[in-house]
Each structure stands twice: as structure tokens, then as C-alpha cells.
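The chain contents come next:
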Amino acid sequence: MDIDNTQESRLMARGIPSDDPAWGQVSAFLTAVESTYPNVGAVPLEASHLAAISRELRLLQAEPRPAQRKTMNDFLKLKTHRVLFGSLIAALVALTAGVGVAAAMGGGDPLKPLVPASQPEVTPTPEESPTAESTESEESQEVEDHSASADDTQEETDQSSQHESEDSNDDSDDQTADDSDEADDSDDSSEHAQPTNDSDDDSDEADDDSPGSDQSGDQSVDDEPGEH
Amino acid sequence: MAIGERFPLVLTAAAEGADWAWAELYRDLAPSLLRFLTSQGAADPEDCLGESFIQVVRHMSTFEGGETEFRTWVFRIARNRLIDTWRRDKRRPERSDEEVEIAADRVQQHSDPEPHSFQRAAVEEILAVLTPDQRAVLLLRYLHNFSIEETAAIVDKTEGAVRVLQHRAVKTLRRNLPTPSAEVWLATSNVTV
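The listed protein sequences derive, respectively, from chains A and B. Residue numbers for the first sequence, in numbering that gives the first Met the number 0: 0 to 227. Residue numbers for the second sequence, in numbering that gives the first Met the number 0: 0 to 192.
Since the hints were derived computationally from the structure, they do not count as laboratory data. Note that CB positions come from ideal geometry on N, CA and C, so glycine has one too. A few of these clues could be false.
[Said to hold, decoys possible] Okay, the calculated beta carbon distance ranges per label pair:
#1 P16(A) <-> D43(B): 45 to 53 angstroms
#2 D18(A) <-> R75(B): 32 to 40 angstroms
#3 R167(B) <-> L91(A): 41 to 49 angstroms
#4 N4(A) <-> E4(B): 29 to 37 angstroms
[Unchecked claim] Pulled from the structure, derived: some chain B residues nowhere near chain A, Cβ distances all over 10 angstroms:
#5 P7
#6 T37
#7 F52
#8 T67
#9 K89
#10 A152
With the hints as constraints, model all of the structure from the sequences given.
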């Protein structure tokens, strides 16, 4: 015979008599348990236990105690803490995933909308023309060198003009290098302007993916003859 | 005997290391804690009581709440200490049916038994058929008058699980009471059924 909730509550509240045909035995047994384990107190143990407590207190006071140190388990005991922590993790994961997706889709610099447009992009317009011209002049020079008829004066003229163009190229390359350095500085400053870990990752991805000033600057330097 | 309105003051003083506050907390909780540990079948309930209070001292800074919550928290520490003792000693209050019968026979063969020791041995033999969780829930609810919510906090289970454990404990007792041990404690307790 099973016991229902009402009878069970009465049993716990000592409401079922011992002569009850259904649950009297259990009620009598619980009464016996109560008398078997009386509330006798702990007076004989008090002195030794209080002494141990006092020793423990002194030990705790003696050791340096970091303020409000809590383990992660203690921190996560509160439901609100768990919710906040989980939300923070989810937001970081979503942000990282979003940046990764945007970069994979090849949409250019994913942080471009976030970066203030105060720093104009450095386009490698001035140095490319002299580079192309110098390349063409080199080629024309080589053709002339291999030609059967050699005109020394013309060649000297060509060489002098070439040297002049090279000088101007040096100046423009220096300026380009300076510009690229400034671009690097501006990139660094833009990173510091957004002091988050994600911005560092984003800027790294931007630097890798976009044909930015660094690459153009390096390219122009590498392509320029006589620079090495 | 509850501390009552002075509890916040006592708790604050105890957190600051005042010996008088710890003495007051000890006198308030130690008797019921000792009773609980003894009824749970602790091999050395006095030693377990002392260790429990040491743990309370160590983790006092993490406690937040009132007197009822503090009492629940201390009982939970005591039960955890008891479980650690069981694991360390590899001794559990569960016994096989054969061991129960042997112990019951030993009780019956005692030449000049004291009624109380007879009764205690018989009661402990019957309680041993319960699982540790059933025994804890039943005695926390019956002996110490903890609510379902407080009992759930002490044994670290849900309220539903506590109700199930209590229900099964009562059913198990009813099923096991007509035993030689039951007859012994019925005879010694002068209870007529």
C-alpha cells in the first residue's frame, strides 16, 4: 500500500498515531529514532573544539589574505554571473566569427567603416610613372646598346637624362618611403584609437589582404634599380 | 536555540575573528550538528563535528545570508565532511541483508542488555537499509524539521529529488519494519502496534 502526499506530510509532522493500521509502524519507528538520537548538546567537546577554532582563526589572520579572492566556481555560482559571463563569451565569438566571414568574403578591409576617414589612403601614383619611365628608358637603352650603329653623344645624352630621372626618382622614392612610413604610423595610431584585441586582429587581416600603402611602398622600393 | 535578532551582529563579529562570536555560533549549532552526524552513522561524530567547524571558519568569508541560510550552510558542510570521511575510510552505513540478520541475532543474544543500547542498535540496523541520501533526507526532515527547500540545499539536490527520496525512504521503512530487529525495538520501546 503506497502513501500519498497528505499522509506523508502528516507522518513527517508527527501526525499519524502509532496504532494507525497503515502507517502506524513507521510512525512508531520514527518516534523511536527521535528518542535514540536525543539532542544532548556538545558541552564535553566545546573546549577542545573552540580551541581548534581559535587556532584556525589565528592562522587565517596571520597569512596574507588577498582581497575578495574568489575562484571561478564561486564566481559562477551566482546565476547572474553565469549569464553575464556566457553573454560576454557569446559576443566575442560572434564578433570574431563575423570578422572572419567578412574577411573570407573578400569585402576589403572589414574595419574600413569603423576607421575614421581622416587618413587618406596613400596611392602610389607619383612613383609608378617614374618607375615605368625608368624601366622604359632602360629597355630603350639596352636596345641602343645592342644596335649596330652607336651614337656616343646620343648615348651620353640618354644616360645623362637617365641619371637625372634617376635622381628625381630617388627623391620621389624617398618621399614615397616617407609617405609609406607615415601610412604605417597612421595605421598604428588607428589601432591605438581602437583599443580592443579584435582591432589588432582586424588590422592584421587588413594589412594582409588589402593592397595597402605598405605593399605599394615596398613594391616601389623593390622595383627601383640602384636601391639595393 | 536560535540566536535571533542578534545573529547579524554575531555573524559580523565571527567574520572578523571574534572568539566570543564563534563560541555563540558553536553553542547554537553544535548540539543539532552532533545529533545529525550521529544519526547518519558517522564512525566518529565528535571528530567530524570539529572538522566541520574548522571548514566553517575557513569559508566564512564566502557566506552571505541570514540565520536560516547559515544553519543550512553549516549542515551542508557537515554532511560533506561526513561523506569525505566515508570515502576516506571506505566505510558506508549500508549493509547487506546478511549483515543485518547477523547484527539482529547478536542483539537478541545479548544477555543483559540495556534497553537504550538495544533500541539504538536495532534502530541503526533498520536505518541501514536506507541509502545515505534517503537516510539524510528522512532525518533532516523529521528530526531537524528542515523544509523541503532547506533539505535540498543541504544534500545538494533539487526539491523534487528530495520529495522522491523522502517518499522512497518511508516506503522502504514500511517494507522492512516487520523484521527481527523491528520486533526487538518494538519490544524494548513499549510500543504496541
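Here's how the hints hold up against the structure:
1. Between P16(A) and D43(B) the CB atoms are about 37 angstroms apart, so this pair departs from the stated range of 45 to 53 angstroms.
2. A hinted range of 32 to 40 angstroms for the beta carbons of D18(A) and R75(B) is consistent with their spacing of about 37 angstroms.
3. Checked against the given bound of 41 to 49 angstroms, the beta carbons of R167(B) and L91(A), roughly 46 angstroms apart, stay inside it.
4. At about 35 angstroms, the CB distance of N4(A) to E4(B) agrees with the hint of 29 to 37 angstroms.
5. In this structure P7(B) is separated from chain A by more than 10 angstroms, as the shortest Cβ-Cβ distance comes to about 19 angstroms.
6. Listed as a non-interface residue, T37(B) fails to keep its Cβ farther than 10 angstroms from every Cβ of chain A; the least gap is roughly 6 angstroms.
7. Not every Cβ of chain A is farther than 10 angstroms from the Cβ of F52(B); the closest lies at roughly 6 angstroms, contradicting the non-interface assignment.
8. For T67(B), the non-interface assignment is confirmed: its Cβ lies about 18 angstroms from the closest Cβ of chain A, beyond the 10 angstroms cut-off.
9. Taking the minimum C-beta to C-beta distance to chain A, about 24 angstroms, the non-interface status of K89(B) holds against the 10 angstroms cut.
10. The Cβ of A152(B) sits about 13 angstroms from the closest Cβ of chain A, beyond the 10 angstroms cut-off, so the non-interface label holds.
In summary, the numbered hints that this structure violates are 1, 6, 7.
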